[in-house]
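Trainee: For the record, the sequence lines run as chains A and B.
Under the numbering used here, the first residue of the first sequence is numbered 894, with each subsequent residue one higher.
Under the numbering used here, the first residue of the second sequence is numbered 176, with each subsequent residue one higher.
Hint data in this document are derived by calculation from the structure and do not stem from the laboratory.
Beta carbons are placed, not taken as given, at the ideal position from N, Cα and C, and that holds for glycine.
Certain hints may be false.
Quick list of in silico lysine to any residue cross-link-like pairs, SDA-like style, CA-CA up to 20 angstroms [stated by the list, open to error]: (1) B:K508 - A:K1041; (2) A:K1159 - B:K508; (3) A:K1356 - A:N1397; (4) A:K1159 - B:S226; (5) B:K508 - A:N1397; (6) A:K938 - B:F528; (7) A:K1159 - B:V522; (8) A:K1041 - A:K1285; (9) B:K344 - B:V511.
Anything over 12 angstroms on all C-beta distances counts as not near chain B; from chain A, calculated [unchecked claim]: (10) S980; (11) L1097; (12) N1133; (13) P1148; (14) T1157; (15) F1187; (16) R1191; (17) Y1206; (18) L1228; (19) A1302; (20) P1375; (21) G1443.
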Amino acid sequence: MQRDRVAPLRAAPRVAEPAKGTVEVARDRWSNALGRSKPLGRVGKVALTFAIVSGLITHGYHLFDYPLYNTDEGIYVERAWSLIRESRLSPQTYFYDHAPGGWVILAFWEFVLPGHFEAFGNPVNGGRVLMLLLHVGSVFLLFEIARKLSGGLLAPVIATFLFNFSPLAIYYQRMVLLDNMMVFWVLLSIYLILRRESRIFTGLWSGLSLGLAVITKENAIFFAPTIFYLLSRRFRGDPNRDFALMFWLFAATTPILIYFLFATLKGELLPPSLDFSLSRTPQGHVSLLYEFWFQIHRNQGNLFHHTHHSYLYTMWLPKDGFLLAAGTAAMVISLYVGWRERERDPGLLVAGTLAFEIAFYLARGSVILDFYVIPLIPLFALNIGLVADRAKRRLPAHTSRVAVPVAVACLASVLMLDPSGAYFITRGQHHQLKLADVYYLPLTYLQREQIAWVRRHIPTSDKIITDEDIWVSLHDIRPYYPYAQSHWNAASDPQVRNNIFHTNWRNIDYFVLSNGMKYAMNLNNTAGQEGWMLYALNYHSTKVWQASRGNVKLAIYRVLK
Amino acid sequence: MARDLIYAILLLVSFLVTLQSGHTLYLTLYTWNQPRSQASAPETFRAPGLSFTVMLPCRHEESVIQATMGRVAGANYPSKLIQVLVVCSADDSGTIGKAEEKIDALRREGKENVSLVVFHDGPVNKPHALNCALPHAANDVITIFDAEDDLHGEIFNVVNTIMLDERVKIVQAGVQLMDIDSSWYSALNVLEYFFWFKSRLHYHARLGAIPLGGNTVFFDRALIANVGGWDEHNLTEDADLGLRLSAAGERTRVVYDDRYVTREETPPTLAHFIRQRTRWNQGFIQTLHKGAWRNLPTRKQRWLAWYTLAFPQAQAFLAIYVPFSLVTMLAFKAPVLVALISYLPVVMLLAHFLTAVVGLHEFSSAHELEVSLRTVVRLAVAWFPYQIVLSYAALRAVRRQARGVTNWEKTQHVGAHRAPLRDRAIEQVNDNAA
Chain A
894 MQRDRVAPLR
904 AAPRVAEPAK
914 GTVEVARDRW
924 SNALGRSKPL
934 GRVGKVALTF
944 AIVSGLITHG
954 YHLFDYPLYN
964 TDEGIYVERA
974 WSLIRESRLS
984 PQTYFYDHAP
994 GGWVILAFWE
1004 FVLPGHFEAF
1014 GNPVNGGRVL
1024 MLLLHVGSVF
1034 LLFEIARKLS
1044 GGLLAPVIAT
1054 FLFNFSPLAI
1064 YYQRMVLLDN
1074 MMVFWVLLSI
1084 YLILRRESRI
1094 FTGLWSGLSL
1104 GLAVITKENA
1114 IFFAPTIFYL
1124 LSRRFRGDPN
1134 RDFALMFWLF
1144 AATTPILIYF
1154 LFATLKGELL
1164 PPSLDFSLSR
1174 TPQGHVSLLY
1184 EFWFQIHRNQ
1194 GNLFHHTHHS
1204 YLYTMWLPKD
1214 GFLLAAGTAA
1224 MVISLYVGWR
1234 ERERDPGLLV
1244 AGTLAFEIAF
1254 YLARGSVILD
1264 FYVIPLIPLF
1274 ALNIGLVADR
1284 AKRRLPAHTS
1294 RVAVPVAVAC
1304 LASVLMLDPS
1314 GAYFITRGQH
1324 HQLKLADVYY
1334 LPLTYLQREQ
1344 IAWVRRHIPT
1354 SDKIITDEDI
1364 WVSLHDIRPY
1374 YPYAQSHWNA
1384 ASDPQVRNNI
1394 FHTNWRNIDY
1404 FVLSNGMKYA
1414 MNLNNTAGQE
1424 GWMLYALNYH
1434 STKVWQASRG
1444 NVKLAIYRVL
1454 K
Chain B
176 MARDLIYAIL
186 LLVSFLVTLQ
196 SGHTLYLTLY
206 TWNQPRSQAS
216 APETFRAPGL
226 SFTVMLPCRH
236 EESVIQATMG
246 RVAGANYPSK
256 LIQVLVVCSA
266 DDSGTIGKAE
276 EKIDALRREG
286 KENVSLVVFH
296 DGPVNKPHAL
306 NCALPHAAND
316 VITIFDAEDD
326 LHGEIFNVVN
336 TIMLDERVKI
346 VQAGVQLMDI
356 DSSWYSALNV
366 LEYFFWFKSR
376 LHYHARLGAI
386 PLGGNTVFFD
396 RALIANVGGW
406 DEHNLTEDAD
416 LGLRLSAAGE
426 RTRVVYDDRY
436 VTREETPPTL
446 AHFIRQRTRW
456 NQGFIQTLHK
466 GAWRNLPTRK
476 QRWLAWYTLA
486 FPQAQAFLAI
496 YVPFSLVTML
506 AFKAPVLVAL
516 ISYLPVVMLL
526 AHFLTAVVGL
536 HEFSSAHELE
546 VSLRTVVRLA
556 VAWFPYQIVL
566 SYAALRAVRR
576 QARGVTNWEK
586 TQHVGAHRAP
596 LRDRAIEQVN
606 DNAA
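All chains should be modelled from the sequences, with the hints used to inform the complete structure.
Mentor: Next up, the structure:
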């Protein structure tokens, strides 16, 4: 065959209507802009490196000392322990309070660590190292999301600065909490959609990330509408749109369906006799749908009521009022401006609705724990960054070139150096200047001393009521304390309550507790389920050890029978 | 112990099937995941430069052969650059009569480029017919169309441009079943073609291990002569030839453009469908055993060829495994983790089904076909039975091969894809273009 018979070109005749699926339909401008987003560049790389290194330092320094090991951290480490040591989702009855995605990953992490739970000393520390790594990953994702949505570097710099340096962020993000893992998956889901290369499996991976987020912490489902909207906007006018949307829906729902399948296979999907009554606990077996039903009917008053129960006033605002106030304002601006600009550039609307979804979840009046604020932190930071970027664009170019870096530097300096901000320095009890608690105050040594006292003085056969935070220490490190159980399980898990303690205070030998645990016992005694333990603690026990630092008080009581 | 063994088998098979299913899904959507320009036809054509010999092997195709001859002869390409060879066995007097009739009619229209090749020896099958026609082929490029094919009038311009621009000697153009509503399985069969030609073949071409299709495939004539023509004892001589040419280092360009596909019909009855699928499966098994794929230069190419050719046997195994799986489901209360993992293939099945639904939407949009709700519902209902039919055909192929039964089970063609209106429209367009 001759190859050199090259003839002039002529246009292919329109022999049939062009097929819709094969014709390149121009994507909308926003999709195109994202697809062609500028490379990071030298300044961008420096900014990203700073964000990652500062995140590593702020969260990594003092990681094992502050804050105090929390009950929920103990619960998830305990469940990861159970997965590795007992091939079960929980050492006690697993009652579907949370989907297990988070501690499955934690168990995998602990499993690959040399020394497993003891790789970093206290078993909770291993989990905290995982949180640190996830935080670093989240910093990268947040930086890139802010950069893609704004098209510049101001928004990612501001967002990651707040995400890394906010005392509120550091306090909660160091803890081994499902919310921290969920945030990583949610940010990954968003990032995958905004990546430079968007192909057919983009939807699959993004959906899978969100699905994993949901089976890590269920409230991630609140982000689903916005992420789906983002995906549909990203693929608007793209011939692969249908496949991308389908794969997103499929992948997002698959982990959730598998969770439901798990409950079905265990015969625990529905409650016994289909009894969804909230007035009494179902007898026979636990149920996923009953627990779900129970959770959505829980109510704990209003977040905005000025009481000592409101974490907004007692925990969040004292730790970082600036982030919450500026974040709320930025969210409102994002929603307003974003709605007006949604056709041209939905970036602000996406950021605003993401923050609004979780803010709505917190404000709606259900049961709130203090660390539920975690997902709000990166989203408020994102909104602040995007709104600042938008404000910058309104300035004349020559003004913004000088004024913006100066303003950012001033704000960062004020936050870091003003003691009232407590980002870096704060005032002590005697008004002296000192480093912020997150970098200075050691607390977990109290728990280490408590555990050491237990090992020196309490026989391993004794029955101990304790909190979850030291549970794995007492069960994974020799000598083991097989009868050390948390007050939560002694109150409500029939396996523990009936088989170990028989609901009788005389079967308790010791209480190993903190003032926080005693408070929780009283709070959890609404139906008298902790009464038999409180009776022993209040009337038949004597304090044999105590330690305190500030308002944290730990103690050990021996029960006198 | 026995129980543990069953659980181990269950886990192993579930993992493997999930893995295979995920990989198949990736191949199914391979093209959609690539830059679009790599798969589509050129938007501008070169002036005709290459000459083509079109082979039309026929066997009892009285009802469709004349229309196909008319289409080839009427293609929008200079007649002098096209030679048409209708190839029949001497005992097929019906088709011969119809072909001669059409040749006369074309000659009366001044089209002298169509002739008949009749062979008297055996075996009476397609590869033998092609080998008989090969000495009569006089042009640069040899191409094959089946008797029922609705080729597009511009297909020669498309291939002429690609071959000259991209300097390739093999072009596989798209073949597409069109009748989504003709039977309970037709939509699924249509989608198989859609994904195979539009996507998976591109992956094979990129890796250089491609089982070519039986028609709308274009070869440099010298290539065919160099490899000794088609294997007359292979039921998928097309796939075999593709792998032999790949082993010889020849690059193939796959072009699937919805505008230029060759239209075909699904087999008219389930029995015909099973026979056709059995033939393909058996042909793959024959090609696997023949071992020409072992000459492929890289391990990746050999792996892909082996994986593709061995699939019918895996499918046959699945046909046996499914009842086993059902029995274990009913008879054993497996640990929850084992049960969960054994459900993973079902999740993948769901992914494939959803892909099919979106694929149906894409296909119908591309070809401006109406898809009724009934079609979608039928797709869903027919999904699992269709998988069982495929497994049965695979099992049947394995059994035939084991027994040494290698005769050609012919697929009947009734022209269901030739909707009168569309047919007229295409003819009109071709006439206009000519």
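Trainee: State for each hint whether it applies.
Mentor: Hints, one by one, checked against the model:
For the proposed pair B:K508 and A:K1041, the alpha carbon gap of about 50 angstroms is over 20 angstroms, so the pair is violated. Restraint check for A:K1159 and B:K508: satisfied, since their Cα atoms lie roughly 10 angstroms apart, inside the 20 angstroms limit. Between A:K1356 and A:N1397 the alpha-carbon distance is near 12 angstroms, which keeps this suggested pair within the 20 angstroms criterion. Restraint check for A:K1159 and B:S226: not satisfied, since their Cα atoms lie roughly 68 angstroms apart, outside the 20 angstroms limit.
For the proposed pair B:K508 and A:N1397, the alpha carbon gap of about 37 angstroms is over 20 angstroms, so the pair is violated. With a C-alpha separation of about 43 angstroms, the suggested pair A:K938 and B:F528 falls outside the 20 angstroms cut-off, and the hint is violated. Taking the CA atoms of A:K1159 and B:V522, the gap is about 19 angstroms. The hint holds against a cut of 20 angstroms. With a C-alpha separation of about 16 angstroms, the suggested pair A:K1041 and A:K1285 falls inside the 20 angstroms cut-off, and the hint holds.
Note on B:K344 and B:V511: the hinted pairing is violated, with a Cα-Cα distance of about 55 angstroms set against a maximum of 20 angstroms. Chain B draws A:S980 into its interface by the beta-carbon criterion, the shortest separation being 8 angstroms against a cut-off of 12 angstroms. With 12 angstroms as the threshold on Cβ separation, the claim that A:L1097 sits away from chain B is violated: the shortest Cβ distance comes to roughly 9 angstroms. Not every C-beta of chain B lies more than 12 angstroms from that of A:N1133, the closest at about 5 angstroms, which undercuts listing it as non-interface.
Not every beta carbon of chain B lies more than 12 angstroms from that of A:P1148, the smallest distance being close to 10 angstroms; the non-interface claim is violated. At roughly 10 angstroms from the closest C-beta of chain B, the C-beta of A:T1157 falls inside 12 angstroms, breaking its exclusion from the interface. Even its closest Cβ contact with chain B, about 23 angstroms, leaves A:F1187 beyond 12 angstroms, as expected for a residue assigned away from the interface. No Cβ of chain B comes within 12 angstroms of the Cβ of A:R1191; the nearest lies about 28 angstroms off, and the non-interface call holds.
The claim that A:Y1206 lies off the interface holds: its Cβ sits roughly 44 angstroms from the closest Cβ of chain B, which is beyond the 12 angstroms cut-off. Chain B leaves A:L1228 outside its interface by the beta-carbon criterion, the shortest separation being 33 angstroms against a cut-off of 12 angstroms. With a least beta-carbon separation of about 44 angstroms from chain B, A:A1302 lies farther than 12 angstroms from that chain, consistent with its non-interface assignment. Even its closest Cβ contact with chain B, about 24 angstroms, leaves A:P1375 beyond 12 angstroms, as expected for a residue assigned away from the interface.
Every CB of chain B lies more than 12 angstroms from the CB of A:G1443, the least distance being 45 angstroms, so the non-interface label holds.
This entry does not satisfy hints 1, 4, 5, 6, 9, 10, 11, 12, 13, 14, going by the numbered hints stated previously.
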